[in-house]
Amino acid sequence: MKTALATVTLSGTLREKFEAAAKAGFQGVEIFENDLTQFDGSPKDVRRMAQDLGLEIIALQPFRDMEGMPEPMRSQKAKMLQHKMDVAHELGTNRLLFCSNVQPYSSADRDVCAADLFTFAEMAKKEGIMLGYEALAWGQHIADYHEAWDLVKRVDHPNLGIILDTFHMFSRGNTLDVLRDDIPLNKIALVQVADAPSLQMDVLQYSRHFRCFPGQGDMPVVDFLQVLKNKGFDDYLSHEIFNDEFRSSSPLEKAIDGMRSLIWLDDQTVSKREEKMVPIDVPQVSDVEFIEFAIEGESGERLTNTLAQLGFHETHKHRSKNVSLMRQGNINLILNREPKSQAHEHFQKHGVSVCAMAFASENVKATLSLAERYRVERFENQAGPGELNIPALRGIGDSLVYLVSADAAVRFFDVDFKPSQGIQGERGVGLTRFDHIGQTVSNTDFLSATFFYKSLFGFDIDASQDLPDIHGLVVSRTALSKDKRVRIPLNMTNARDASAQRFIQKSKGSGVHQIAFACDDIFAAAKNIDSEKQLPIPQNYYRDIEARFGLSSEIIRKLQSHNIMYDQNDEGEFFHFYTEEVHGVFFEVVQRVGDYSRYGEANAFVRLASQARQEKK
Numbered sequence: 001m002k003t004a005l006a007t008v009t010l011s012g013t014l015r016e017k018f019e020a021a022a023k024a025g026f027q028g029v030e031i032f033e034n035d036l037t038q039f040d041g042s043p044k045d046v047r048r049m050a051q052d053l054g055l056e057i058i059a060l061q062p063f064r065d066m067e068g069m070p071e072p073m074r075s076q077k078a079k080m081l082q083h084k085m086d087v088a089h090e091l092g093t094n095r096l097l098f099c100s101n102v103q104p105y106s107s108a109d110r111d112v113c114a115a116d117l118f119t120f121a122e123m124a125k126k127e128g129i130m131l132g133y134e135a136l137a138w139g140q141h142i143a144d145y146h147e148a149w150d151l152v153k154r155v156d157h158p159n160l161g162i163i164l165d166t167f168h169m170f171s172r173g174n175t176l177d178v179l180r181d182d183i184p185l186n187k188i189a190l191v192q193v194a195d196a197p198s199l200q201m202d203v204l205q206y207s208r209h210f211r212c213f214p215g216q217g218d219m220p221v222v223d224f225l226q227v228l229k230n231k232g233f234d235d236y237l238s239h240e241i242f243n244d245e246f247r248s249s250s251p252l253e254k255a256i257d258g259m260r261s262l263i264w265l266d267d268q269t270v271s272k273r274e275e276k277m278v279p280i281d282v283p284q285v286s287d288v289e290f291i292e293f294a295i296e297g298e299s300g301e302r303l304t305n306t307l308a309q310l311g312f313h314e315t316h317k318h319r320s321k322n323v324s325l326m327r328q329g330n331i332n333l334i335l336n337r338e339p340k341s342q343a344h345e346h347f348q349k350h351g352v353s354v355c356a357m358a359f360a361s362e363n364v365k366a367t368l369s370l371a372e373r374y375r376v377e378r379f380e381n382q383a384g385p386g387e388l389n390i391p392a393l394r395g396i397g398d399s400l401v402y403l404v405s406a407d408a409a410v411r412f413f414d415v416d417f418k419p420s421q422g423i424q425g426e427r428g429v430g431l432t433r434f435d436h437i438g439q440t441v442s443n444t445d446f447l448s449a450t451f452f453y454k455s456l457f458g459f460d461i462d463a464s465q466d467l468p469d470i471h472g473l474v475v476s477r478t479a480l481s482k483d484k485r486v487r488i489p490l491n492m493t494n495a496r497d498a499s500a501q502r503f504i505q506k507s508k509g510s511g512v513h514q515i516a517f518a519c520d521d522i523f524a525a526a527k528n529i530d531s532e533k534q535l536p537i538p539q540n541y542y543r544d545i546e547a548r549f550g551l552s553s554e555i556i557r558k559l560q561s562h563n564i565m566y567d568q569n570d571e572g573e574f575f576h577f578y579t580e581e582v583h584g585v586f587f588e589v590v591q592r593v594g595d596y597s598r599y600g601e602a603n604a605f606v607r608l609a610s611q612a613r614q615e616k617k
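Under UniProt numbering, the first residue of the sequence shown is numbered 1, with each subsequent residue one higher.
Everything labelled a hint here was simulated from the structure, so no lab data went into it. Hints may be right or wrong, so weigh each one.
In silico lysine-lysine, DSS-like type, Cα no more than 30 Å apart, as pairs [stated by the list, open to error]: (1) Lys125 to Lys231; (2) Lys340 to Lys508; (3) Lys454 to Lys349; (4) Lys187 to Lys79; (5) Lys527 to Lys558; (6) Lys508 to Lys321; (7) Lys44 to Lys2; (8) Lys126 to Lys79; (9) Lys508 to Lys23; (10) Lys84 to Lys2; (11) Lys508 to Lys533; (12) Lys153 to Lys2; (13) Lys533 to Lys317; (14) Lys187 to Lys153; (15) Lys527 to Lys317; (16) Lys231 to Lys454; (17) Lys125 to Lys153; (18) Lys349 to Lys23; (19) Lys365 to Lys454; (20) Lys317 to Lys340; (21) Lys418 to Lys340; (22) Lys454 to Lys482; (23) Lys454 to Lys2; (24) Lys2 to Lys126; (25) Lys484 to Lys527; (26) Lys229 to Lys454; (27) Lys23 to Lys365; (28) Lys616 to Lys508.
Simulated restraints on C-beta separations [said to hold, decoys possible]: (29) Gly92 to Lys23: 15 to 25 Å; (30) Glu615 to Leu53: 45 to 55 Å; (31) Asp414 to Asp202: 56 to 66 Å; (32) Gln268 to Val112: 37 to 47 Å; (33) Asp235 to Lys23: 15 to 25 Å; (34) Asp52 to Asn381: 35 to 45 Å.
Here a beta-carbon is modelled for each residue, glycine too, at the ideal position from N, C-alpha and C.
Using the sequences and the accompanying hints, generate a full structural model.
Structure follows, in structure tokens:
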């Protein structure tokens, strides 16, 4: 598989886009005409720049409103095409891309349009140029790819082929039948792959702002590529992504994301020459082994005090470093005060914060191999003599993801830590395990973060949830391990003062802001929490749930006395309460009854409002 991207996908100057594409491993680029027009140099300079970076310029695009135009526009389009073919020669490319006409005064007569495209194809033949014709999803007369194919068939010229763009195909609900049964391989001029979330909106706005890399959305891009591979396709797969966040992000980071998505997409399909699909081994994650906090001196006193009221005790100390471990049930919280460590660097930048978490993986070696394949950066940890050297990957923001073996006979703290005196056997308040871990990410990192968990760990990604905040809307998607034991809600907002943005501002970047612990008795877990450390819930909330769920007055009083919130659905019941926010992190304690698998989203607007009020005090 050969990989390319259109320069419109990335932010920056043309040189910055080329350099990012080359560093990410792309072999080719499509030149978006706007990028060429604003470039301070000749097309030959662009060609040399691409060659120096090992990139092939595979196409110049797009040319609009070419077919079915009235005179004198038709003649002017032919003259323009001749000029653009001269530019293509200087660039060193032999492909030009046309979009279907969007003008209301263009002809709907397919024979007239075919005659125009035949004329253009004859011009291209003389120049050794291949023309590609694409159905825009908002085209005036041709908006579906089967209509574009009908026109290309009518023209029947060797220098005209069809462009297949997954966004334009799937945004209109097209099936793959025409591609599978009718379009021959030699008539495919170029393939552009893009994904998008499931949204109901004007298709032009959808196209201009919400496209994303394959695997980051909900379109059947895997099925599309499999149909192509069944035909023996082995030309370029190219990204053409219009996305506001992409164009305000680091071009290198997004180029790496794009390459990861194409490798992932290739891994989900089998080529015609292969006998059968050889599935990529994505080792399952069975649990969260620990969460690590970066603290210094007395800076974490509020944090440790809150954890103590939640029943955590310092059970272990590191044998050689200023690191301690607080445990309860199967919950491990590391407090790292070591001056020469990654945690120290994280503290210097973010203050008291979560600097890492660890997953228990069924095959650490295979996960590391997959990380290398998907361009995920390793972190080289410095372990002392006789200490565990736990492998780590660069995760979301500046945090790390450590990998430990799920079937290890010895836990990490049995080697590097020694037990503290006098607290063995402490039960705490009955917290049992990590229920979910909320991460707040910037709008530019949101898609990358979900795809990080999907591609590397095989997590499923829930549909987006809109959480109303008093200062705007927070969008949330949850990454879940296959057995749903590991749940990571990812939250972002475009609203400047909404809670997700406030967390990012406080912690100076994306990171963990919420840690939820599971328990079997929510009232026992809540009884030791001082009122000033609880998130206060307004009385109106309890009057509301009393009416909605028909709860008894006794239950309402118990809930209200501990600021415990409640939800129920057909699967079961959900009890949860929150602590105050400490250094940009807050804790939640949850009790699930029956098969309840959600997160009390119906209560989110009350929680967000309460947090906003508490912050102002």
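Results of checking the hints against the structure:
At roughly 26 Å between alpha-carbon atoms, lysine 125 and lysine 231 fall within 30 Å of each other, so this suggested pair holds. Taking the CA atoms of lysine 340 and lysine 508, the gap is near 21 Å; set against the 30 Å cutoff, the hint holds. As the CA atoms of lysine 454 and lysine 349 are separated by approximately 28 Å, the hinted pair is consistent with the 30 Å bound. For the suggested pair lysine 187 and lysine 79, the alpha carbons sit about 25 Å apart, so the restraint of at most 30 Å is met.
With a C-alpha separation of about 11 Å, the suggested pair lysine 527 and lysine 558 falls inside the 30 Å cut-off, and the hint holds. A C-alpha spacing of about 27 Å is found between lysine 508 and lysine 321, which places the hinted pair at or below 30 Å, so the restraint holds. Between lysine 44 and lysine 2, the direct Cα distance comes to roughly 24 Å. Compliance with the 30 Å bound is thereby established for this hinted pair. Taking the CA atoms of lysine 126 and lysine 79, the gap is about 14 Å. The hint holds against a cut of 30 Å.
Note on lysine 508 and lysine 23: the hinted pairing holds, with a Cα-Cα distance of about 27 Å set against a maximum of 30 Å. About 25 Å separates the Cα atoms of lysine 84 and lysine 2, which keeps this hinted pair within 30 Å; it holds. For the given pair, lysine 508 sits about 24 Å from lysine 533 by alpha-carbon distance, which is consistent with the 30 Å threshold. Taking the CA atoms of lysine 153 and lysine 2, the gap is about 27 Å. The hint holds against a cut of 30 Å.
Taken as a hint, the lysine 533 and lysine 317 pair is honoured in the structure, with Cα atoms around 27 Å apart against an allowance of 30 Å. Distance hint between lysine 187 and lysine 153 is fulfilled; the C-alpha atoms sit about 9 Å from each other, no more than 30 Å. Restraint check: the Cα-Cα separation between lysine 527 and lysine 317 comes to about 28 Å, which is no more than 30 Å; the hinted pair holds. Annotation: proposed proximity of lysine 231 to lysine 454 holds, straight-line Cα distance about 28 Å (limit 30 Å).
Simply put, lysine 125 and lysine 153 have alpha-carbon atoms about 17 Å apart, close enough for the 30 Å limit, and the pair holds. About 27 Å separates the Cα atoms of lysine 349 and lysine 23, which keeps this hinted pair within 30 Å; it holds. Proximity of lysine 365 to lysine 454 is assessed by CA-CA distance (about 18 Å); at most 30 Å being required, the pair is judged to hold. Taking the CA atoms of lysine 317 and lysine 340, the gap is about 17 Å. The hint holds against a cut of 30 Å.
Between the alpha carbons of lysine 418 and lysine 340 the distance comes to roughly 20 Å, so the proposed pair stays at or under 30 Å and holds. A C-alpha spacing of about 11 Å is found between lysine 454 and lysine 482, which places the hinted pair at or below 30 Å, so the restraint holds. Taken as a hint, the lysine 454 and lysine 2 pair is honoured in the structure, with Cα atoms around 23 Å apart against an allowance of 30 Å. With a CA separation close to 28 Å, the supplied pair lysine 2 and lysine 126 stays within the 30 Å bound.
Proximity of lysine 484 to lysine 527 is assessed by CA-CA distance (about 29 Å); at most 30 Å being required, the pair is judged to hold. The hinted pair formed by lysine 229 and lysine 454 meets the criterion: a straight-line CA distance of about 23 Å does not exceed 30 Å. A threshold of 30 Å between alpha carbons decides the hint, and for lysine 23 with lysine 365 the separation of about 26 Å falls inside it, so the pair holds. Proposed proximity of lysine 616 and lysine 508 is supported: the alpha carbons are some 19 Å apart, at most 30 Å.
Against the hinted window of 15 to 25 Å, the Cβ-Cβ separation of glycine 92 and lysine 23 comes to about 21 Å, which satisfies the hint. Distance hint check: the CB atoms of glutamate 615 and leucine 53 are about 48 Å apart, consistent with the given range 45 to 55 Å. About 59 Å separates the C-beta atoms of aspartate 414 and aspartate 202, a value consistent with the hinted range of 56 to 66 Å. Under the hint 37 to 47 Å, the C-beta atoms of glutamine 268 and valine 112, about 42 Å apart, fit the expected range.
Checked against the hint of 15 to 25 Å, the C-beta distance between aspartate 235 and lysine 23 comes to roughly 23 Å, which is consistent with it. Between aspartate 52 and asparagine 381 the Cβ separation comes to about 37 Å, which falls inside the hinted range of 35 to 45 Å.
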